Amino acid sequence: MPDVEDLLRREAPRVLAALVRRYGRFDACEDAVQEALVAAALQWRDRGVPESPGGWLFTVAARRLTDTVRSEQARRRREEHVAAEPPAPLPPDEDDTLTLLILCCHPALSPASQVALTLRAVGGLTTAQIAHAFLVPEATMAQRISRAKQSIRAAGASFELPPEPERAERMRVVLHVLYLIFNEGYTATSGADLQRPDLTAEAIRLTRDVHRLLPDDGEVAGLLALMLLTDARRVARAGPRGELIPLADQDRSLWNRAAIAEGTALVTDALSRAPLGPYQLQAAIAAVHAEAQRAEDTDWPQIAKLYELLAATWPSPVVTLNQAVAVAMVDGPRAGLAMLEALDDDDRMTEHHRLGAVRAHLLEMAGDTDAARAGYRAAARRTASVPEQRYLEGRAARLAG
Amino acid sequence: MKYILLIYNNPATYESWTEEQRNELFGEVETIMNELTESGEFVGGQGLADPSTTKTVRVRNGAPAVTDGPFAEAKEQLGGYLIIDCESEARAVEIAGRWPDARHFAMEVRQILHTSGTEM
Numbered sequence: 001m002p003d004v005e006d007l008l009r010r011e012a013p014r015v016l017a018a019l020v021r022r023y024g025r026f027d028a029c030e031d032a033v034q035e036a037l038v039a040a041a042l043q044w045r046d047r048g049v050p051e052s053p054g055g056w057l058f059t060v061a062a063r064r065l066t067d068t069v070r071s072e073q074a075r076r077r078r079e080e081h082v083a084a085e086p087p088a089p090l091p092p093d094e095d096d097t098l099t100l101l102i103l104c105c106h107p108a109l110s111p112a113s114q115v116a117l118t119l120r121a122v123g124g125l126t127t128a129q130i131a132h133a134f135l136v137p138e139a140t141m142a143q144r145i146s147r148a149k150q151s152i153r154a155a156g157a158s159f160e161l162p163p164e165p166e167r168a169e170r171m172r173v174v175l176h177v178l179y180l181i182f183n184e185g186y187t188a189t190s191g192a193d194l195q196r197p198d199l200t201a202e203a204i205r206l207t208r209d210v211h212r213l214l215p216d217d218g219e220v221a222g223l224l225a226l227m228l229l230t231d232a233r234r235v236a237r238a239g240p241r242g243e244l245i246p247l248a249d250q251d252r253s254l255w256n257r258a259a260i261a262e263g264t265a266l267v268t269d270a271l272s273r274a275p276l277g278p279y280q281l282q283a284a285i286a287a288v289h290a291e292a293q294r295a296e297d298t299d300w301p302q303i304a305k306l307y308e309l310l311a312a313t314w315p316s317p318v319v320t321l322n323q324a325v326a327v328a329m330v331d332g333p334r335a336g337l338a339m340l341e342a343l344d345d346d347d348r349m350t351e352h353h354r355l356g357a358v359r360a361h362l363l364e365m366a367g368d369t370d371a372a373r374a375g376y377r378a379a380a381r382r383t384a385s386v387p388e389q390r391y392l393e394g395r396a397a398r399l400a401g
Numbered sequence: 001m002k003y004i005l006l007i008y009n010n011p012a013t014y015e016s017w018t019e020e021q022r023n024e025l026f027g028e029v030e031t032i033m034n035e036l037t038e039s040g041e042f043v044g045g046q047g048l049a050d051p052s053t054t055k056t057v058r059v060r061n062g063a064p065a066v067t068d069g070p071f072a073e074a075k076e077q078l079g080g081y082l083i084i085d086c087e088s089e090a091r092a093v094e095i096a097g098r099w100p101d102a103r104h105f106a107m108e109v110r111q112i113l114h115t116s117g118t119e120m
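Protein chains in written order, with this note's numbering: chain D, 1 to 401; chain Y, 1 to 120.
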């Protein structure tokens with residue numbers, strides 16, 4: 001019953017925020033909401049959705065919280081106070097969703113914990129669904145979430161929007177976590193497992209919420225645009241057996257035109273009126289790729305310029321890697337290869353298989369077949385991804401003939 | 001990222017230890033296991049029965065040949081494994097280094113293949 005699930009997931013952060021506002025104790029409230037969501041999923045299926053779903057969830061979660069308080073032998077007075085509480089109308093959710101996101105993406109947590117907690121507390125996913133998405137046992141994910149909440153408590157974090165400039169810094173982390181969730185879904189090639197929730201759609205949904213709350217934030221718009229423009233290629237990026245299809249070889253008629261139009265409009269608007277940021281630039285690059293009817297129509301000089309801007313302001317090894325490809329398309333493969341040399345000694349370069357793959361690709365462009373073949377093979381050995389391994393071995397084999 | 005930590009040891013060595021020494025080792029293992037479980041990094045793991053109970057199976061020309069035991073000349077045998085999901089290879093190596101068998105024998109850290117992939 002997808003409607004009930006959607007409804008539950010929309011209500012989850014609002015109910016949680018209302019509960020935390022009233023009773024404090026984010027960790028206990030979060031557990032209580034999770035139990036209420038599970039109860040609702042079971043009961044609403046049989047008896048139908050109650051008139052006020054949010055009020056129902058709030059009441060049940062508050063009752064669960066009372067049980068917890070009771071089992072912790074809290075004072076009788078407080079217990080009766082909680083139990084007697086009528087189902088309160090939910091307060092406006094606007095800022096609360098942001099506050100929740102910022103809390104779940106607390107810098108004291110590891111990225112994996114931030115992602116897990118965000119999906120549960122803000123996304124309204126169950127622990128089992130999150131565990132399926134990350135292919136770990138439910139007990140492992142439950143521990144990760146519980147540890148994350150302990151860390152938040154230990155850090156003394158409160159349920160309030162932090163003041164500037166801390167707020168901007170914390171929002172940066174939130175956007176990164178949303179990006180990680182998106183990427184986890186987008187790179188998954190085994191989509192046949194119906195148990196795995198669609199993390200790509202979930203990330204877009206959450207980012208859309210944030211964009212609605214902060215319409216003037218150029219980076220939020222940029223991230224949403226980047227997600228839409230990237231996700232637009234999803235059907236085209238993998239073959240029937242999960243084999244990876246590079247951008248240049250994709251069937252562009254399979255690209256989602258509506259998502260491209262929306263993403264392009266978003267990033268165009270953001271670039272015209274907000275301070276520049278890395279997500280906007282990456283979205284702009286994705287938009288330039290998307291507007292090309294055929295791979296050979298790609299405006300590479302424009303893409304190279306955008307990467308140059310990105311590398312100058314927000315440098316990273318991955319940016320240099322992508323920039324080298326664009327430079328190779330404009331100035332020839334040797335220029336791109338020269339650019340890669342800087343990455344060999346870069347300690348921040350962790351994705352060595354990607355560096356190897358790009359170098360092999362540029363060597364192939366330059367006609368250095370032997371070096372390209374050896375490069376593809378070396379990169380294939382370094383990646384832990386089965387589809388990437390197959391793709392790289394395939395490129396090497398093609399050069400062998 | 002998921003890693004398998006392969007635990008290599010020689011059961012004969014542990015047999016020669018006093019019960020106290022053995023308990024100390026079990027205590028160390030328990031401490032690390034608790035830590036990995038609580039942090040949400042522990043995915044799974046098992047110890048293996050004594051190497052002497054191993055059967056090695058080879059099929060040649062369609063005919064299975066089953067022999068007892070692993071290669072006799074190897075003193076260190078696979079004694080168990082654990083699977084962890086952690087932030088980095090450095091963290092996996094750190095965990096392996098704290099496992100007591102690493103002090104006496106060896107631990108092998110290998111990344112587990114996954115099916116995610118990016119357009120290249």
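Hints listed in this document are in silico derivations from the structure and should not be mistaken for laboratory results.
Just so we're clear, the structure is a prediction, and the values are computed from it rather than from any experiment.
Errors might be hidden in some of the hints.
[Unchecked claim] Covered stretches of chain D (in silico footprint by chain Y; criterion: 3 or more residues with CB under 8 Å from a CB of chain Y, positions within the stretch not fixed):
{"id": "1", "stretch": "105-116"}
{"id": "2", "stretch": "335-344"}
[Claimed, not checked] Which residues of chain D face chain Y? A few of them, derived with a C-beta cut under 8 Å, are:
{"id": "3", "residue": "V136"}
{"id": "4", "residue": "T140"}
{"id": "5", "residue": "M141"}
{"id": "6", "residue": "R144"}
{"id": "7", "residue": "S151"}
{"id": "8", "residue": "R237"}
{"id": "9", "residue": "D331"}
{"id": "10", "residue": "R381"}
{"id": "11", "residue": "S385"}
{"id": "12", "residue": "V386"}
Idealized CB from N, CA, C, for every residue including glycine.
- Item | Contradicted hints - numbers only | 2, 7, 9, 10
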